[in-house]
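*Asks:* Residue numbers (this note's numbering), protein chains in the order written: chain A, 2 to 338; chain B, 2 to 338; chain C, 2 to 338; chain D, 2 to 338.
Check the hints yourself; a few may be wrong.
To be verified - Using 30 Å as the maximum straight-line C-alpha spacing, the simulated DSS-like pairs for lysine-lysine come out as follows:
#	chain 1	residue 1	chain 2	residue 2
1	C	71	A	33
2	B	90	B	16
3	C	20	B	316
4	C	261	B	316
5	C	20	A	68
6	A	33	B	303
7	D	303	A	328
8	B	316	C	68
9	B	316	C	16
10	C	79	C	316
11	C	68	D	328
12	A	261	C	16
13	C	20	B	196
14	B	90	C	71
15	D	316	A	79
16	D	120	D	261
If you're looking for bench data, these hints aren't it; they were derived computationally from the structure.
Fair warning: this is a prediction, and the values are worked out from it, not measured in the lab.
The lines below spell out each chain.
There are 4 protein chains.
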Amino acid sequence: MIIVLRPGTTAQQIKHIEKKLTERGVAVHISKGTERTIIGAIGDDRVLAEMPLSSMPGVENVMPILKPYKLVSREFRKENSIIKVGKEKIGGKKIAVMAGPCAVEGRKRLLAVGDEVKKAGANFIRGGAFKPRTSPYAFQGLGEEGLKYLAECRERTGMPVVTELMDPRDTDLVVQYADVIQIGARNMANFRLLKEVGLTRTPILLKRGLAATIKEFLMSAEYIMSQGNHNVIFCERGIRTFETYTRNTLDLSAVPILKKESHLPVVVDPSHGVGIREFVAPMAMAAVACGADGLMVEVHQKPEEAFSDGDQSLKPNAFAQMMSDLKAIAKVVGRTI
Amino acid sequence: MIIVLRPGTTAQQIKHIEKKLTERGVAVHISKGTERTIIGAIGDDRVLAEMPLSSMPGVENVMPILKPYKLVSREFRKENSIIKVGKEKIGGKKIAVMAGPCAVEGRKRLLAVGDEVKKAGANFIRGGAFKPRTSPYAFQGLGEEGLKYLAECRERTGMPVVTELMDPRDTDLVVQYADVIQIGARNMANFRLLKEVGLTRTPILLKRGLAATIKEFLMSAEYIMSQGNHNVIFCERGIRTFETYTRNTLDLSAVPILKKESHLPVVVDPSHGVGIREFVAPMAMAAVACGADGLMVEVHQKPEEAFSDGDQSLKPNAFAQMMSDLKAIAKVVGRTI
Amino acid sequence: MIIVLRPGTTAQQIKHIEKKLTERGVAVHISKGTERTIIGAIGDDRVLAEMPLSSMPGVENVMPILKPYKLVSREFRKENSIIKVGKEKIGGKKIAVMAGPCAVEGRKRLLAVGDEVKKAGANFIRGGAFKPRTSPYAFQGLGEEGLKYLAECRERTGMPVVTELMDPRDTDLVVQYADVIQIGARNMANFRLLKEVGLTRTPILLKRGLAATIKEFLMSAEYIMSQGNHNVIFCERGIRTFETYTRNTLDLSAVPILKKESHLPVVVDPSHGVGIREFVAPMAMAAVACGADGLMVEVHQKPEEAFSDGDQSLKPNAFAQMMSDLKAIAKVVGRTI
Amino acid sequence: MIIVLRPGTTAQQIKHIEKKLTERGVAVHISKGTERTIIGAIGDDRVLAEMPLSSMPGVENVMPILKPYKLVSREFRKENSIIKVGKEKIGGKKIAVMAGPCAVEGRKRLLAVGDEVKKAGANFIRGGAFKPRTSPYAFQGLGEEGLKYLAECRERTGMPVVTELMDPRDTDLVVQYADVIQIGARNMANFRLLKEVGLTRTPILLKRGLAATIKEFLMSAEYIMSQGNHNVIFCERGIRTFETYTRNTLDLSAVPILKKESHLPVVVDPSHGVGIREFVAPMAMAAVACGADGLMVEVHQKPEEAFSDGDQSLKPNAFAQMMSDLKAIAKVVGRTI
């Protein structure tokens with residue numbers, strides 16, 4: 002930690018700060034410059050971060066040196082983590098493709114779309130049984146009934162199930178059915194929910210919050226890992242900016258950055274990232290080209306009848322076309338799909 | 002709902018859209034312009050919002066006419082809602098001042114700061130027993146022990162207690178101790194938690210999410226009200242923007258806008274809004290000047306020893322000075338403090 | 002400047018960095034911590050900022066200690082700068098009120114609105130003769146004709162003229178008519194224009210760019226001052242965020258922050274800040290309450306006929322009412338209006 | 002244009018609005034719904050946009066139907082525009098690669114780097130002779146001397162020159178040397194400069210502003226085209242968001258969106274988009290994968306000695322490696338490089 006002092010800070014104030022730091026077992030180096038004096042506090046930044054150093058008299062600015070995350074970091078683990086899910090893997094050579102409807106809307110529809118995406122090459126079925134909706138009057142999901150249909154789809158197609166958990170009270174229920182638990186963007190900083198899923202051993206697909214920095218995204222993964230569950234997968238799904246043409250602004254630079262900072266796999270959700278059907282495929286192409294380990298894509302047979310997110314869902318034939326185009330891109334970057 | 006069609010939409014496509022709309026009991030008006038044809042769908046926009054109209058062939062754009070919220074709106078209730086909390090009121094002539102530490106750190110400290118803020122004119126004690134922290138390694142709050150100290154402070158000072166609820170599983174516990182339940186910014190779109198507190202009758206202080214539009218903020222209040230709890234108080238606490246000088250960007254224009262759109266009271270939290278001690282008082286002044294019904298302010302006797310948010314906490318004497326300055330501003334806008 | 006090294010940086014790499022720094026006359030201190038080695042480079046950060054230190058092998062991160070601005074800073078000049086404009090002053094006890102139409106639309110209209118705002122207590126007439134418009138097909142201003150009407154208004158009312166300069170080629174022309182030259186938000190980083198007006202001695206009202214941080218805002222003022230013109234006035238007019246209810250998000254915290262970081266006066270433009278007529282007055286109240294030295298307000302007699310910005314223009318009677326309300330707020334904060 | 006009226010609007014107010022509209026030659030349709038009355042104004046939205054309709058008594062909201070841009074739009078011209086620059090083309094099958102230093106720093110350095118990028122496959126040399134710098138104390142470019150070196154590089158390598166114009170007064174000078182004039186991000190809304198280059202016939206590379214929506218980006222191109230210069234190339238170079246890890250947030254979704262909305266070519270600048278050397282190549286890969294017509298990349302032989310943007314400049318060998326990787330991606334999407 003570097004502590005910059007205001008001009009005119011007294012010797013007594015410096016002594017005071019020094020004392021507070023050494024009390025916590027931190028080594029202190031003081032450098033006097035022509036315009037500012039700075040204190041180098043050499044110790045665990047994670048401990049120092051807890052001290053309100055900026056509040057001490059004479060302090061102008063405090064700058065951390067070390068990163069606040071540990072388990073999640075590339076320094077902690079050099080090689081890529083590969084998350085095993087049944088017979089599938091996320092983070093290896095093969096691109097994981099999670100496809101299916103936004104929400105599970107009924108048994109027949111789900112099984113039909115499951116068959117379609119399987120045929121086109123998807124290796125995970127996705128679908129929400131619990132839906133976070135902006136309006137209390139909107140469709141909120143089928144609950145356990147939806148989970149059962151997902152399980153039936155898995156049995157039929159062999160594809161593991163990715164589904165969202167919104168409430169810590171549903172954890173036991175969802176764990177029974179899900180192969181990968183999705184934590185939605187709106188819950189990325191729902192720390193109690195993160196701890197709860199950290200206690201399970203089910204792989205967690207953690208979506209980036211609408212206003213979450215990459216650093217906060219890493220910290221949320223650290224929450225899960227700190228409870229013992231090391232099976233975490235990042236999902237970039239767009240952030241909120243001033244641009245209104247798209248639903249969100251898909252931040253693809255997060256892909257190589259997360260791969261550098263962390264050993265965990267990174268999946269991209271172009272459906273939420275842009276929110277407009279015709280731009281999903283180009284963004285999926287770009288995601289694979291810059292190193293994504295997987296894709297999460299909404300597919301619906303009749304988007305115009307979808308209960309939610311119809312505008313961003315691909316029809317099965319468009320999805321199949323996209324999968325075919327992705328094969329060539331994957332090959333170029335040394336992956337398969 | 003206005004539906005704008007692409008140039009070249011066929012008569013058959015228009016028929017198809019018309020059919021889908023009339024099936025839902027919606028009246029349809031078609032206007033052909035020189036460059037675009039538009040369809041006016043006259044019905045409940047809340048029903049129409051559920052239809053993925055943009056996905057229908059030929060549709061270029063869909064524009065809602067009606068607002069998606071109802072119970073929360075000024076149209077639903079013309080006069081200001083005044084929320085009663087024990088002997089105090091929020092939303093009336095008197096500005097509600099909620100003051101206290103960020104987190105309850107111990108019995109002695111809390112009671113002492115409670116006495117100080119009471120003396121300076123605060124009428125609510127605030128303090129977190131459950132703390133949402135970005136780092137899993139940071140202080141997470143005292144839990145029930147903290148709630149007990151808050152209750153003791155209430156007994157001693159007569160000030161009702163405002164405290165945060167983070168997890169639906171803690172609702173019964175927190176309801177026992179809290180006079181006002183705070184839903185934090187990170188949980189503004191935690192819809193299951195909103196529903197849960199909607200089932201209680203305890204007043205809810207709903208903080209604006211970091212990336213929440215005013216419309217979404219209103220919708221989150223609608224979630225709570227739709228469950229039967231009409232005692233909702235908005236709290237503007239800053240949004241996330243590109244500016245890094247301040248912790249957040251305090252959006253004071255939200256105050257008159259929320260007062261116009263809704264009948265519910267609006268409180269401002271300048272401590273989180275700016276995140277820097279010396280700018281808390283000017284922002285509190287501005288908040289009252291533009292019509293806020295209350296303030297939420299972090300006060301700590303030794304900010305440099307605070308477990309969290311020390312950098313934005315006022316010392317008791319600075320808080321007392323601010324309260325004295327606020328009296329004059331309140332008077333100018335026809336309020337008391 | 003603090004230079005943080007990556008783990009595993011070699012002694013040779015450190016030597017290399019040390020050499021590059023000492024070549025520039027910078028003193029170097031090296032501290033080895035348990036996890037990182039850091040180099041303190043003690044010298045002029047303005048020189049160091051020019052060196053691409055992050056590009057040197059082994060460097061993880063570079064953190065400046067000193068501020069990049071000088072003339073504009075409170076350290077350079079302790080007392081408030083008061084800018085004299087004819088018989089008026091900006092930055093003193095009296096709040097400067099600049100009022101008038103968005104654009105000068107015609108002689109008669111301008112003189113009439115000038116009389117009205119003067120009567121209501123404004124002390125500057127504002128109006129654009131050159132208008133930056135998003136559409137090339139929109140009204141672009143009357144040019145010199147508009148400047149002449151402004152000069153006539155000044156003669157008639159005694160109010161100095163505030164008007165925008167968009168193009169360095171118009172400087173000589175605008176200097177002839179303007180008492181204060183406005184640099185619009187879209188030109189805050191038009192560095193050639195900043196230099197040009199820095200060569201004049203006319204006071205400059207510098208508007209904050211839509212995406213400009215406070216630091217960049219200060220740097221733009223530094224551009225002007227570095228050319229010799231020290232008569233700079235900041236104007237906070239809202240920044241662009243994800244919120245779409247308002248035209249911009251008015252960042253009132255910029256007022257006390259700029260007053261702390263700089264000695265220059267700060268004016269607020271609530272008209273552009275919110276973009277909606279009915280919220281202009283509450284934001285003006287808030288601006289004065291948190292320490293603004295002035296206000297810039299759009300007033301139009303028939304907003305529904307305005308050539309631009311009609312939706313945010315006050316009618317003269319609403320402006321007069323606002324001025325009357327502001328008097329009481331100004332008094333509370335020790336100012337007059 | 003759709004005009005939504007407030008509940009309780011009087012018949013007289015509706016008459017008034019109707020009159021104002023018909024005076025402008027606009028056909029009016031009125032629909033009365035259960036909760037709102039709406040007016041459909043069928044005419045040129047570009048004329049209607051000039052009327053401050055929201056200011057008319059009774060109006061709640063105004064929604065445009067038509068797009069404000071014309072010449073730039075895909076409706077105006079169905080097929081892709083291909084911009085010819087000497088023997089090169091931008092917008093055709095071959096990806097245009099513009100590479101070189103951020104700023105021209107000297108003759109020898111420029112010629113050397115020009116040779117290198119040419120060898121690696123670049124087909125345009127880029128370099129700034131006039132540099133927009135945040136600090137007035139930073140290197141501001143070599144001016145005409147820099148332009149001469151660029152011309153010399155062109156003669157030597159055959160690569161056309163892309164260089165920035167910042168000031169309308171330099172237009173004649175820059176036109177003499179440049180094959181493509183770059184308008185920088187900070188000048189995207191410098192409308193006088195846009196008009197000026199609209200009067201030339203030199204191709205214009207228009208960079209997206211830091212806070213510019215895609216719609217505003219299109220409107221700025223419309224400014225140039227409205228003056229007669231139809232040779233406009235879009236350049237996505239990242240927008241400003243809350244994320245601080247990267248210099249900007251590269252919005253790659255803008256590529257397919259601009260290609261859909263407009264017939265003009267789209268180039269991506271990954272160097273400014275991320276601002277960190279090691280993430281330039283993955284973003285370049287992604288850009289080509291999602292349909293970019295070109296790339297603009299900063300290359301410097303000794304980034305650690307660069308006068309500006311050293312941290313985001315590739316070394317020649319890294320650039321050559323990237324070009325080789327891009328070949329395969331280009332092929333997949335039916336392009337060459």
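*Asks:* Each hint: holds or not?
*Replies:* Evaluation of the provided hints:
1. C:71 x A:33: holds (20 Å)
2. B:90 x B:16: violated (55 Å)
3. C:20 x B:316: Answer violated: residue 20 (chain C) to residue 316 (chain B) is near 47 Å, above 30 Å.
4. C:261 x B:316: holds (20 Å)
5. C:20 x A:68: holds (28 Å)
6. A:33 x B:303: holds (28 Å)
7. D:303 x A:328: Violated: residue 303 (chain D) and residue 328 (chain A) sit about 38 Å apart, past 30 Å.
8. B:316 x C:68: Given pair residue 316 (chain B), residue 68 (chain C) holds - Cα atoms ~28 Å apart, limit 30 Å.
9. B:316 x C:16: violated (47 Å)
10. C:79 x C:316: violated (40 Å)
11. C:68 x D:328: violated (44 Å)
12. A:261 x C:16: holds (27 Å)
13. C:20 x B:196: Not satisfied, since the Cα-Cα distance of roughly 63 Å exceeds 30 Å.
14. B:90 x C:71: With a Cα-Cα distance of about 49 Å, the restraint between residue 90 (chain B) and residue 71 (chain C) is violated, given a limit of 30 Å.
15. D:316 x A:79: Roughly 26 Å separates the two Cα atoms, so the pair holds.
16. D:120 x D:261: violated (34 Å)
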